[in-house]
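Engineer: What follows is each chain in one-letter form.
Protein chains: 8
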Amino acid sequence: MPAETDARISDFACLDIERQKRTGYPEVVYCAGKKEEEAFAIICSLRERGIPVLATRAASSLAEKVKTAFPGAVFDETARTLTAGVFCEEKDRAGLVAVVCAGTSDLPAAREAARTAEFFGSNVEVTSDVGVAGIHRLFSRLPALRRARVIVVAAGMEGALPSVLAGLVSVPLIALPTSAGYGASFGGLAALLGMLNACAPGVSVVNIDNGFGAGYQANLINKLQEVRYAHG
Amino acid sequence: MPAETDARISDFACLDIERQKRTGYPEVVYCAGKKEEEAFAIICSLRERGIPVLATRAASSLAEKVKTAFPGAVFDETARTLTAGVFCEEKDRAGLVAVVCAGTSDLPAAREAARTAEFFGSNVEVTSDVGVAGIHRLFSRLPALRRARVIVVAAGMEGALPSVLAGLVSVPLIALPTSAGYGASFGGLAALLGMLNACAPGVSVVNIDNGFGAGYQANLINKLQEVRYAHG
Amino acid sequence: MPAETDARISDFACLDIERQKRTGYPEVVYCAGKKEEEAFAIICSLRERGIPVLATRAASSLAEKVKTAFPGAVFDETARTLTAGVFCEEKDRAGLVAVVCAGTSDLPAAREAARTAEFFGSNVEVTSDVGVAGIHRLFSRLPALRRARVIVVAAGMEGALPSVLAGLVSVPLIALPTSAGYGASFGGLAALLGMLNACAPGVSVVNIDNGFGAGYQANLINKLQEVRYAHG
Amino acid sequence: MPAETDARISDFACLDIERQKRTGYPEVVYCAGKKEEEAFAIICSLRERGIPVLATRAASSLAEKVKTAFPGAVFDETARTLTAGVFCEEKDRAGLVAVVCAGTSDLPAAREAARTAEFFGSNVEVTSDVGVAGIHRLFSRLPALRRARVIVVAAGMEGALPSVLAGLVSVPLIALPTSAGYGASFGGLAALLGMLNACAPGVSVVNIDNGFGAGYQANLINKLQEVRYAHG
Amino acid sequence: MPAETDARISDFACLDIERQKRTGYPEVVYCAGKKEEEAFAIICSLRERGIPVLATRAASSLAEKVKTAFPGAVFDETARTLTAGVFCEEKDRAGLVAVVCAGTSDLPAAREAARTAEFFGSNVEVTSDVGVAGIHRLFSRLPALRRARVIVVAAGMEGALPSVLAGLVSVPLIALPTSAGYGASFGGLAALLGMLNACAPGVSVVNIDNGFGAGYQANLINKLQEVRYAHG
Amino acid sequence: MPAETDARISDFACLDIERQKRTGYPEVVYCAGKKEEEAFAIICSLRERGIPVLATRAASSLAEKVKTAFPGAVFDETARTLTAGVFCEEKDRAGLVAVVCAGTSDLPAAREAARTAEFFGSNVEVTSDVGVAGIHRLFSRLPALRRARVIVVAAGMEGALPSVLAGLVSVPLIALPTSAGYGASFGGLAALLGMLNACAPGVSVVNIDNGFGAGYQANLINKLQEVRYAHG
Amino acid sequence: MPAETDARISDFACLDIERQKRTGYPEVVYCAGKKEEEAFAIICSLRERGIPVLATRAASSLAEKVKTAFPGAVFDETARTLTAGVFCEEKDRAGLVAVVCAGTSDLPAAREAARTAEFFGSNVEVTSDVGVAGIHRLFSRLPALRRARVIVVAAGMEGALPSVLAGLVSVPLIALPTSAGYGASFGGLAALLGMLNACAPGVSVVNIDNGFGAGYQANLINKLQEVRYAHG
Amino acid sequence: MPAETDARISDFACLDIERQKRTGYPEVVYCAGKKEEEAFAIICSLRERGIPVLATRAASSLAEKVKTAFPGAVFDETARTLTAGVFCEEKDRAGLVAVVCAGTSDLPAAREAARTAEFFGSNVEVTSDVGVAGIHRLFSRLPALRRARVIVVAAGMEGALPSVLAGLVSVPLIALPTSAGYGASFGGLAALLGMLNACAPGVSVVNIDNGFGAGYQANLINKLQEVRYAHG
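Chains as they are written, first to last, in our numbering: chain S, 205 to 436; chain Z, 205 to 436; chain L, 205 to 436; chain A, 205 to 436; chain V, 205 to 436; chain F, 205 to 436; chain Y, 205 to 436; chain E, 205 to 436.
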């Protein structure tokens with residue numbers, strides 16, 4: 205019997221069920237812009253095929269429905285992430301991803317990154333509120349941060365933290381601009397431009413508030429060795 | 205005889221010769237966008253009235269012409285500033301303005317700021333190339349910077365330096381974004397937005413590459429006490 | 205015992221409790237983007253250490269909670285500022301900061317600036333509704349404005365007021381663009397660009413609606429002399 | 205014989221020779237973006253039909269060629285306008301259009317406006333260098349300006365002049381933003397937005413550097429009465 | 205007794221009560237961005253001085269309050285204009301302003317223009333839904349439009365109507381871009397840019413949705429003759 | 205009796221009832237920005253003249269009212285399209301338009317396109333969720349897509365699907381950018397720019413979320429032959 | 205022997221030599237951004253395989269070189285197109301594509317569209333200078349335009365022509381915005397936005413100055429029937 | 205003797221000579237915006253300290269000067285990179301970085317990335333001209349690309365390549381937008397936004413044309429294991 209390579213759900217979705225074979229990781233469900241019943245149906249279809257699910261931008265009401273259907277499901281309200289099924293057991297996590305967060309308002313994006321990297325198999329440590337306005341707070345965390353293999357740096361406003369940190373460590377930084385700010389932050393544009401123009405090398409950037417993308421990329425880098433063997 | 209309050213030059217300019225009475229400082233000649241003969245005529249008219257002249261964005265050819273006409277005139281090629289006549293003798297300069305510059309490419313703007321503050325009566329020290337990518341360079345300069353009463357911070361690219369420095373000193377910072385950079389720096393927009401969104405208080409911002417404006421404001425702050433008495 | 209240099213609050217905040225030593229003024233709490241319980245916990249932690257608190261962008265409900273916990277707390281509904289504890293007694297305020305406001309819609313930003321400068325030790329006078337459309341109103345206030353050591357100018361729409369005023373006074377102006385306006389004001393962008401391009405020198409600019417930043421910078425300039433001695 | 209309603213010139217242009225009947229004024233030749241031989245051919249075709257020509261954005265080399273072909277042609281190098289043939293004799297000009305210009309760099313646009321309004325039949329007075337940074341210069345010109353029936357106000361940088369002036373006169377203002385400035389003026393965008401957001405009523409705006417459009421509209425308003433009779 | 209030149213209302217407003225002397229027309233109350241009690245107090249203060257009031261962007265609730273206090277007050281719900289007192293009796297209106305409106309969604313801005321021009325003394329005719337997609341509708345209205353002395357053209361989306369109409373009439377057009385549209389209309393930006401770049405002369409532009417500004421300028425042009433005499 | 209060429213409805217609308225004669229298709233009702241009673245009145249007026257109606261961006265409440273008045277009316281909640289009367293019987297539809305949709309969030313725009321093309325006489329097949337992140341899903345649909353005469357491609361985020369698909373088929377593609385996305389998608393701008401810059405030829409683009417425009421253009425192309433004969 | 209599906213040229217290019225099989229038309233050479241020797245090598249490689257070549261944005265110097273190497277090559281200096289080899293004999297061209305051009309400055313883009321559509325097999329008629337400012341010129345051309353099966357409309361400045369024309373014809377319009385204009389045209393952005401927001405349906409848009417894309421899409425639509433049979 | 209931690213060069217630069225200790229790699233010289241003599245002096249100072257130099261955005265004339273002074277220096281004209289001294293011998297390079305390039309015009313940025321990654325110790329393979337318009341070219345390269353540990357993807361125009369490729373491989377992608385394109389590519393903005401909004405995870409982005417940043421980050425990821433040991 206030929207392998208099922210995609211699977212239609214009614215007329216609104218088409219699961220990419222072979223994604224793990226191609227990329228090492230299963231498809232993730234982005235809930236924003238989908239009706240709640242659509243997101244729920246997609247999650248169920250994935251679970252029926254035994255695929256562990258990470259859903260992002262999930263509303264509480266969806267989380268309730270999913271937790272009822274799949275009792276082990278876990279919802280992080282700040283991160284708005286919802287997991288059902290386990291891709292990587294906690295004990296099997298390897299390597300360390302540090303998630304650094306400039307201010308309290310950057311936490312939702314930072315925690316979305318953290319939950320994503322954990323789900324896919326990285327150990328994660330979150331350090332919050334070490335913005336450049338009180339830069340000694342960053343320095344006091346440096347020894348801890350230097351243990352990480354990749355660092356995600358979430359910041360809004362002027363987004364200066366990645367530039368400073370990248371000059372102090374030897375590992376890749378994933379800069380995560382957030383929409384925290386007002387006025388001329390233009391919804392995160394100032395932070396995004398700041399990070400793209402970082403004067404220190406070793407920084408690459410994801411979309412504004414894209415904690416998922418930052419965490420996914422960080423895990424990919426952290427697990428480079430392993431994954432390659434797994435499907436090489 | 206009533207005081208001359210303005211003075212027409214041909215049909216293209218109208219000197220604001222009472223500006224010093226109103227604001228404490230004489231009018232400055234911004235040369236960009238003016239024909240060379242227009243700029244020259246304005247400079248001559250001011251000198252004829254005994255008004256000391258600072259001209260900004262001056263071309264070398266204009267500088268040559270002015271130096272011929274007014275032998276004591278001084279041209280700074282990097283800053284593109286030209287002075288003819290002396291507003292404040294070097295020995296009478298008071299207070300200290302520090303001009304800090306993130307990278308070598310920010311020097312033209314930084315030096316325009318320095319020359320402006322000096323012309324109007326401040327002592328100035330320029331510190332170049334202390335960008336946040338190697339932040340220890342900034343820390344080694346901190347004791348010197350803390351002697352200043354105002355600090356001008358020139359930076360292009362992501363413009364992160366003011367945010368870091370403002371958290372370390374107790375004096376006002378004038379952030380001077382420069383057009384140094386490429387791509388998503390959009391001609392200095394990234395630096396400008398970064399500085400406007402600085403997470404540390406004590407920062408105010410001038411136009412991109414506006415070294416004159418930064419130096420003028422820095423001098424105004426530095427000399428606050430004096431000036432007020434002088435025309436109070 | 206080594207000095208406490210920062211203080212973690214749960215996992216979402218890290219107080220910068222030595223900021224006053226470094227910069228002359230304690231940390232301020234920016235409430236927007238923080239959950240109410242987070243803002244409240246931060247305020248309590250600062251008060252426990254005896255640090256006087258200025259909180260900006262505070263909601264009424266937070267204000268109620270804080271006033272219950274700290275009976276002397278004061279809330280300004282228009283400015284959305286909340287203070288608990290006193291940094292500088294009213295009788296000890298020194299120097300004068302003028303806050304000028306182009307139109308009635310600019311009052312929230314203007315009053316945030318005023319409350320901030322007062323909290324940190326400046327005398328403040330607010331002059332409202334002197335926009336350039338009826339410029340005689342500005343002229344009639346000039347003698348009063350000339351008594352100030354720094355002037356904050358809040359304006360939305362085209363933001364022309366700082367350009368006009370800067371040509372009439374001899375002290376530094378902090379231009380505060382506001383989001384008052386519609387259509388091609390693009391949320392305050394028109395006013396911001398107008399102020400950055402002010403044709404009169406002596407103007408530096410803060411973020412759109414950033415009354416706090418304007419007031420802080422104004423106070424810094426006003427108190428330059430004193431502060432420097434205090435921690436020199 | 206039916207009237208000629210349009211006239212093809214080779215394959216690149218189609219004269220709108222009945223425009224004067226419809227709108228009161230003949231077609232004008234905008235030279236930018238046309239090859240010199242195209243512009244020349246269009247001017248010749250119009251002259252052959254006896255239509256007086258105003259050409260804008262004309263290069264000197266085109267002007268030379270036209271002056272050779274049509275000896276009475278007049279070229280204004282600053283305004284870059286070229287006229288061949290006379291639409292309205294100088295003695296027949298009526299009403300007064302004032303053209304006010306904030307700075308010397310705004311002169312090219314201002315003079316394009318002046319030449320256009322004159323060509324179509326208005327008396328014009330140009331007042332230069334009365335920017336808001338020295339606003340007394342504007343006040344000293346007010347009595348003269350109040351004699352005008354329409355005022356064109358050319359300004360770059362922050363473009364604040366129309367807001368101030370519109371509150372002082374009782375006639376319509378045509379605001380003409382120019383590209384004079386740098387950095388965050390973004391090629392005249394700051395001035396354009398400033399003028400569109402003018403807080404004083406009685407201001408309408410034309411494109412950046414569109415001196416022709418400002419002068420045309422000013423003349424249209426000035427001559428409203430007459431023209432209507434002429435083709436009513 | 206010296207004339208009252210301005211009048212403070214509490215601490216939030218400063219009436220410009222001599223505006224009529226300077227500009228021929230009294231101050232207008234822009235209600236957006238003001239608290240309802242502020243707008244109400246300003247309206248009362250003007251009425252107390254016998255000044256006829258036009259208030260724009262007025263909410264229904266404010267209108268109710270004003271109608272109770274000043275029984276003759278009139279509210280136009282679509283235009284959101286509120287008038288109390290009469291500046292020009294209907295029988296004394298002179299000249300004709302045409303307000304042309306591309307689509308039904310442009311009516312609020314168009315009617316704000318119409319009510320404004322009427323209030324200040326012009327006869328007004330509104331023609332709606334003559335957008336360029338069915339251009340014969342415009343042609344069938346041309347004879348009527350040609351009776352007007354000024355034409356206000358309101359259009360959203362691509363804002364093409366002024367370009368077409370300006371080539372067909374001999375009077376000034378005031379182009380009024382509206383925010384009608386979606387996607388790449390960017391809140392009226394597309395229409396605004398379209399109108400600023402109109403290829404036909406005789407068009408000047410006001411801010412997006414600024415029906416008041418368009419109507420005011422149209423009336424100013426229409427009444428040019430009269431007003432000048434009144435206060436000349 | 206002369207043909208009725210337009211028809212006024214009260215003072216807010218002017219039906220373009222001869223549009224079908226000029227363009228082959230009747231006028232469509234765009235409901236956004238119209239009051240519900242206005243949209244209803246327009247629909248009734250068209251139906252009274254026997255013109256089949258397609259209304260877009262229709263609210264459910266309007267749909268209810270229309271279905272009551274015209275029992276055969278059909279509402280598609282996802283597409284927000286409402287039809288009353290039949291322009292082309294289902295059995296008479298000809299040719300095939302394929303509507304391809306990158307993700308579930310793009311369905312509303314895609315279905316608006318589908319309903320529009322069907323209404324005007326095309327057979328339509330919708331293929332959803334074949335975004336480029338799992339490009340094999342697109343390849344498995346290629347044989348089906350190659351039966352179409354025109355393809356509408358709806359995509360948000362980076363909008364890459366048209367570029368890929370245009371290199372694989374020989375028919376015109378209408379690219380339909382959607383506002384699905386967040387952060388630096390800037391409301392669909394990223395997708396729009398992506399599609400305008402498509403490196404494969406054979407792509408033309410409509411406004412963000414303009415499913416109607418895409419479906420109309422697709423039908424026009426599909427029915428080119430027929431329509432031309434019908435009114436040739 | 206397996207078919208050659210791509211062909212490397214040195215290390216800088218990879219010919220897509222099977223494109224004609226997939227899409228009905230061979231690959232086109234876009235010369236901008238390529239070194240002259242690169243463009244020349246690509247053209248030679250295609251000719252060696254007998255593939256007829258259309259090169260766009262070609263410099264005169266490249267054209268000379270190609271004409272020497274391939275004597276039948278043809279260069280259109282205004283359009284900057286270069287053809288070597290014949291894809292479709294002139295006698296075999298079918299259907300009619302009209303290319304309409306608002307002003308003389310839009311000719312380069314318009315002719316690029318014309319040359320492209322001709323190369324691929326359409327008859328083409330170019331109509332220039334029928335901008336909306338003198339709309340009667342458009343009406344006099346309507347009978348001719350109505351013979352076309354597709355219309356390309358090139359316009360800069362406000363880009364209003366497609367909106368007007370689309371309401372008058374029954375065939376698809378390809379709107380081609382050009383960079384003709386200045387100031388707030390922002391390099392063609394105003395025209396682009398205008399066309400995307402066209403209030404008349406039946407319009408789809410290509411990139412600014414993308415005459416090639418417009419001509420290609422127009423030909424694709426025009427030849428829909430044939431091409432499908434040819435490779436069905 | 206304390207370690208030299210920075211080194212001033214005249215008054216324009218301050219070498220960050222301890223960068224290798226902190227980050228694993230020495231400082232790189234960005235030549236754009238520096239005077240040629242400044243860049244040359246910096247390169248000499250680094251070489252004097254035995255630090256291997258990579259200079260980017262180097263002009264040919266600088267390259268000549270450097271090659272004369274340091275005979276082993278190597279200049280890549282397309283990449284504009286200049287190396288003097290060897291950081292990692294070719295035989296010691298480890299791991300594989302693939303650099304994929306959508307079109308010929310993207311080569312300069314792509315090769316800057318390649319030269320950078322090689323300089324710092326990665327093996328690099330460049331694959332050019334595999335843009336999505338002929339996606340089979342990408343598929344035929346997939347086996348080779350899957351041998352890489354990191355992939356840099358350079359693309360201009362719509363920047364779609366990273367989205368497609370990221371769904372097909374299991375390693376991190378560094379997306380490198382280029383300024384190749386015209387019109388609505390807005391200098392690379394379209395590609396940048398496209399990449400930031402990539403619908404496939406595993407993509408992070410650097411500044412437009414920032415080949416250096418992409419190559420640096422790719423090498424950092426590729427060498428993660430080693431470097432950490434080297435200075436751990």
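These are calculated hints, taken from the structure and not from any lab test.
Keep in mind that a hint or two might mislead.
What the hints assert, rightly or not - When the alpha-carbon atoms are kept at most 27 Å apart in a straight line, the in silico DSS-like pairs for lysine-lysine are as follows:
| no. | chain 1 | residue 1 | chain 2 | residue 2 |
| --- | --- | --- | --- | --- |
| 1 | F | Lys239 | F | Lys269 |
| 2 | Y | Lys239 | E | Lys225 |
| 3 | Z | Lys269 | E | Lys271 |
| 4 | S | Lys239 | F | Lys269 |
Claimed, not checked - Covered stretches of chain V, going by a simulated chain F footprint (3 or more residues, C-beta under 8 Å):
| no. | stretch |
| --- | --- |
| 5 | 314-322 |
| 6 | 327-338 |
| 7 | 386-395 |
Every residue gets a Cβ at the ideal spot worked out from N, C-alpha and C, and that includes glycine.
Engineer: So which of those numbered hints doesn't the model satisfy?
Structural biologist: 2, 3, 5
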